[in-house]
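Novice: One letter stands for each residue in the lines below.
Protein chains: 2
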Amino acid sequence: MSGPASDTSQRILDIAEELAQKRGFNGFSYADIAERLTVTKASLHYHFRSKADLGCALIERYRDAFADSLRAIERDVDGAPSKLRRYVALYDVVMRQDRMCLCGMLAAEYATLPEPMQARLRGFFDANERWLARVLGGGRRAGELAFSESPRARAARLTSVLEGAMLVARVYGDGERFNSAARNALADLVTPAPASRAARRGGRRIA
Amino acid sequence: MSGPASDTSQRILDIAEELAQKRGFNGFSYADIAERLTVTKASLHYHFRSKADLGCALIERYRDAFADSLRAIERDVDGAPSKLRRYVALYDVVMRQDRMCLCGMLAAEYATLPEPMQARLRGFFDANERWLARVLGGGRRAGELAFSESPRARAARLTSVLEGAMLVARVYGDGERFNSAARNALADLVTPAPASRAARRGGRRIA
DNA sequence: GTCTATAGGCAGATAGAC
DNA sequence: GTCTATCTGCCTATAGAC
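Keeping their order, the protein sequence lines are chains U and P.
The first sequence begins at 1 in our numbering and counts up one residue at a time.
The second sequence begins at 1 in our numbering and counts up one residue at a time.
Hints should not be assumed to be uniformly reliable.
In silico EDC-like links for lysine to aspartate or glutamate, alpha-carbon gap of 20 Å or less [to be verified]: (1) U/K51 with U/D68; (2) U/K22 with P/E35; (3) U/K51 with U/E17; (4) P/K22 with P/E35; (5) P/K22 with U/E115; (6) U/K22 with U/E35.
Hints are computed from structural coordinates only; laboratory data are not their basis.
With these hints in hand, go ahead and build the complete structure from the sequences.
Specialist: Following this line, the structure appears as structure tokens:
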């Protein structure tokens, strides 16, 4: 959309993103960023007039990167189960860096955030769940997935278990805790017998 | 354990708990409590020397109240499905007050918390999941519940979906979002045909 | 774009009177 | 137990030189 932001702006966002994901948006200050970038706080205000502006830029960049990842999944893999595994892998990358999903973290701080950040946060979850709902609905029609709610409700529930698993796993510093929850959440969603799926597609019926 | 804390201490904790659940532990100050209680900040420091002390007291009281609720469930209802429904209702009460689970909120802020609070937070989740794992394991042995992981892993996953659903539902200000996720999470756990359960207990076999 | 300097406010915390 | 007064430090943010 907008032109290529300056390299310094990007590095500020990189540092702010890590801090926000590890400590929360209220858990870091311009001084923390300035120290790691070895510039002064005043310089940061040149790039992002206020912390609210920085926060908005943070969400927008995260949202765009996430959207790119979802497009890459669509491009690279077929089948809802594979797409979901790739989707979960996006969260796993974050966990391995000892971070929380940026938007999950901001969700906790929601009541304290400036309104423009709140609006962008809702936008993130909306887009995320629209994509998931589409994959889930398609997978169910193809017989690859099984669930009883609406695709949108199932998407919300899947988002919940992934965000919640990250949240609690960080208390234990245990990424495997997240992986176990994610793996089993997918297993509950994918129809048990892949062989029978292939057979059904061919019109054959299996008890 | 300790003697009855003063009435003022309890009221301080009531206010701090609400603020912590709505805004996070880093999202409120002694000034916020002082204003609502119409006392001075200095008075608060008489009851809780430091904010870290207040935070520890907050978790301990929450943990004890939660443990009481779990004992009440054991006392009042039979059967794992009913126990789980009552368990979920504990979360629902919190959601209806537009609050996040205290310990879920603190989990997000974990990296910024003083170590004594971190230790108590782990203790909360440990106790919580030990209880859940026991109910889940018992329910499976009784044929009331079905799941493939260990009871402990399933307990962790159930905790995750409930905490995550609260987290995201607050962004939308939509308690029904939480309810939908919770209801369907339980449905996935409870064996489909109660009639067949009763029959199986009697030794009869159903296809 | 980055700096120095500083404003103005709020944080958690303490001393000591009552 | 609660108060007034105060301390120290950090916060976001701005002015203006370079």
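Novice: Find the hints from earlier in the document that the structure breaks and name them by number, from lowest to highest.
Specialist: 1 and 2
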